[in-house]
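Student: In case you want the letters, here they are:
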Amino acid sequence: MKDADQSHVFERVVRPHFDRLYRLAWRLTGTKAEAEDLFQELLIKAFGMLDQVVKIEEPGSWLCRVMYNLFIDQHRRFSRQRMLLVDEGHLPGEGLADLAGDFDPVADNERIEKLKHLDAALAQLSEDHRIIVLLHDTEGYKLTEIGELTGTPVGTIKSRLHRARARLRQILSEDGTFS
Amino acid sequence: MNSKNTMEEQELLKLLKDYPVPEAQAGFYDQALVQAAHQGTQRQRNRWLMTGFGSAIAAGLAIWVITAMLMTAPQVPDVDPAIPGVTIALEQEQTVRLVFASATALDSATLTVSLPEGIELAGFPGQREITWETSLQEGKNLLPLTLIALTPAGGELLARLEHKDRDRTFRLLVEVS
Chain C
1 MKDADQSHVF
11 ERVVRPHFDR
21 LYRLAWRLTG
31 TKAEAEDLFQ
41 ELLIKAFGML
51 DQVVKIEEPG
61 SWLCRVMYNL
71 FIDQHRRFSR
81 QRMLLVDEGH
91 LPGEGLADLA
101 GDFDPVADNE
111 RIEKLKHLDA
121 ALAQLSEDHR
131 IIVLLHDTEG
141 YKLTEIGELT
151 GTPVGTIKSR
161 LHRARARLRQ
171 ILSEDGTFS
Chain D
1 MNSKNTMEEQ
11 ELLKLLKDYP
21 VPEAQAGFYD
31 QALVQAAHQG
41 TQRQRNRWLM
51 TGFGSAIAAG
61 LAIWVITAML
71 MTAPQVPDVD
81 PAIPGVTIAL
91 EQEQTVRLVF
101 ASATALDSAT
111 LTVSLPEGIE
121 LAGFPGQREI
131 TWETSLQEGK
141 NLLPLTLIAL
151 TPAGGELLAR
161 LEHKDRDRTF
171 RLLVEVS
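Same order as they appear, the protein sequences are chains C and D.
Each residue of the first sequence is one higher than the last, beginning at 1 in our numbering.
Each residue of the second sequence is one higher than the last, beginning at 1 in our numbering.
Extracted from the complex, chain C is given alone in its bound form (with noise of 0.2 Å):
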């Protein structure tokens, strides 16, 4: 196939997952910065794989375990030699900049500022957590989906998502999130 070919067949398979992996990048790495590196290797590991993802039943699903399992091989490459580049405005807690007002200045304030502190509390736990919480409650995956996605057993899952509530609890407690 020519490479002109070759690119018009990838990004009619893999562009209708776009927005759907960008999250995940997002929700895995916390930082734009990270989320687009991750996403762009993805791209790049899937073109290479060109003949294979052509023939996936589900790519959106093979291409989010991929992006999953991108991650984790990074993050252990890099767990002891972490640093970012971040570029003016895209600074860690960025996501909270862009938050749509509902043009009650207080009541925005209030929920600005509830959610900083999520933002922080979500950072002290630990990453299996972070990311379970972050899946199932916010991006609204299902169980079984984290487990097929990060290769851990459903009960597994269930229990670390209790234990990851229950810490964001007491944190949002004691810093007076929940008053």
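Among these hints, one or two may not hold up.
To be verified - In silico lysine to aspartate or glutamate, DMTMM-like type, Cα no more than 20 Å apart, as pairs:
1) C:K116 with D:E23
2) D:K14 with C:D175
3) C:K45 with C:D5
4) C:K142 with D:D18
5) D:K17 with C:D119
6) C:K45 with D:D30
7) D:K17 with C:D128
8) D:K14 with C:E139
9) C:K114 with D:E9
10) C:K158 with C:D128
11) C:K114 with D:D18
12) C:K158 with C:E139
13) C:K116 with D:E11
14) D:K17 with C:E127
15) D:K14 with C:D137
16) D:K17 with C:D137
17) D:K14 with C:E174
18) C:K55 with C:E11
19) D:K4 with C:E174
20) C:K116 with D:D18
21) D:K14 with C:E110
22) C:K142 with D:E9
23) C:K116 with D:E9
24) C:K158 with D:E9
25) D:K17 with C:E145
26) D:K14 with C:E113
27) D:K17 with C:D19
28) D:K17 with C:E113
29) D:K14 with C:D119
30) D:K4 with C:D175
31) C:K114 with D:E11
32) D:K17 with C:E110
33) C:K142 with C:E58
34) C:K114 with C:E139
35) D:K17 with C:E139
36) C:K114 with C:D137
37) C:K142 with C:E127
38) D:K164 with D:D107
39) C:K45 with C:E57
40) C:K116 with C:E127
No wet-lab data here; the hints were simulated from the structure.
Here the structure is a predicted model, which is why all the values come from computation and not from measurement.
Given the structure of chain C, go ahead and fit chain D onto it with the hints provided.
Tutor: For chain D alone, kept in the frame of chain C given last:
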């Protein structure tokens, strides 16, 4: 679970539902596709060449044939993808922002920045190594560094973080355009 916990759980779930993900920047998906096609194709070719190279040796074929193919093949950049990189303009102050992720809060940590030749930290002319004491919070910590490239050579910037008997060194490739 008592009623207080139940209310907190409900509030937590509501907050989590509301926890945002910014949309991708306009054009990011298109750029990512172009980059994937470019690099993915290179990887395919490189993989093929490496396979060809191994097979050639196994079969005892003339090495010069393979060498010629390698010489005409697209060059693989000799850059370690594990090291983040930044490009700055010559003789212009440019701030790069590094984020250190720390599992715990660290008081009285020592940070040493070692600069490659021809790169200076604004406010520290002529110094290739700058050390200061700092504290890190649990989670992500931002370190803005304003760099000036005096020559186009570029090189590797090292940031060494020491705390008690532990230390970590972070690397950043600085290229000058």
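Student: Please go over all the hints and tell whether each is borne out by the structure.
Tutor: Comparing the hints with the structure gives:
no.: 1; hint: C:K116 with D:E23; in the structure: holds (18 Å)
no.: 2; hint: D:K14 with C:D175; in the structure: holds (18 Å)
no.: 3; hint: C:K45 with C:D5; in the structure: holds (18 Å)
no.: 4; hint: C:K142 with D:D18; in the structure: holds (18 Å)
no.: 5; hint: D:K17 with C:D119; in the structure: holds (13 Å)
no.: 6; hint: C:K45 with D:D30; in the structure: holds (16 Å)
no.: 7; hint: D:K17 with C:D128; in the structure: holds (19 Å)
no.: 8; hint: D:K14 with C:E139; in the structure: holds (12 Å)
no.: 9; hint: C:K114 with D:E9; in the structure: holds (14 Å)
no.: 10; hint: C:K158 with C:D128; in the structure: holds (12 Å)
no.: 11; hint: C:K114 with D:D18; in the structure: holds (10 Å)
no.: 12; hint: C:K158 with C:E139; in the structure: holds (16 Å)
no.: 13; hint: C:K116 with D:E11; in the structure: holds (14 Å)
no.: 14; hint: D:K17 with C:E127; in the structure: holds (19 Å)
no.: 15; hint: D:K14 with C:D137; in the structure: holds (9 Å)
no.: 16; hint: D:K17 with C:D137; in the structure: holds (6 Å)
no.: 17; hint: D:K14 with C:E174; in the structure: holds (18 Å)
no.: 18; hint: C:K55 with C:E11; in the structure: holds (14 Å)
no.: 19; hint: D:K4 with C:E174; in the structure: holds (14 Å)
no.: 20; hint: C:K116 with D:D18; in the structure: holds (11 Å)
no.: 21; hint: D:K14 with C:E110; in the structure: holds (14 Å)
no.: 22; hint: C:K142 with D:E9; in the structure: holds (18 Å)
no.: 23; hint: C:K116 with D:E9; in the structure: holds (17 Å)
no.: 24; hint: C:K158 with D:E9; in the structure: holds (15 Å)
no.: 25; hint: D:K17 with C:E145; in the structure: holds (18 Å)
no.: 26; hint: D:K14 with C:E113; in the structure: holds (14 Å)
no.: 27; hint: D:K17 with C:D19; in the structure: holds (17 Å)
no.: 28; hint: D:K17 with C:E113; in the structure: holds (15 Å)
no.: 29; hint: D:K14 with C:D119; in the structure: holds (14 Å)
no.: 30; hint: D:K4 with C:D175; in the structure: holds (16 Å)
no.: 31; hint: C:K114 with D:E11; in the structure: holds (10 Å)
no.: 32; hint: D:K17 with C:E110; in the structure: holds (16 Å)
no.: 33; hint: C:K142 with C:E58; in the structure: holds (17 Å)
no.: 34; hint: C:K114 with C:E139; in the structure: holds (19 Å)
no.: 35; hint: D:K17 with C:E139; in the structure: holds (8 Å)
no.: 36; hint: C:K114 with C:D137; in the structure: holds (16 Å)
no.: 37; hint: C:K142 with C:E127; in the structure: holds (18 Å)
no.: 38; hint: D:K164 with D:D107; in the structure: holds (10 Å)
no.: 39; hint: C:K45 with C:E57; in the structure: holds (18 Å)
no.: 40; hint: C:K116 with C:E127; in the structure: holds (18 Å)
When held up to the earlier numbered hints, the structure conflicts with none and fits them all.
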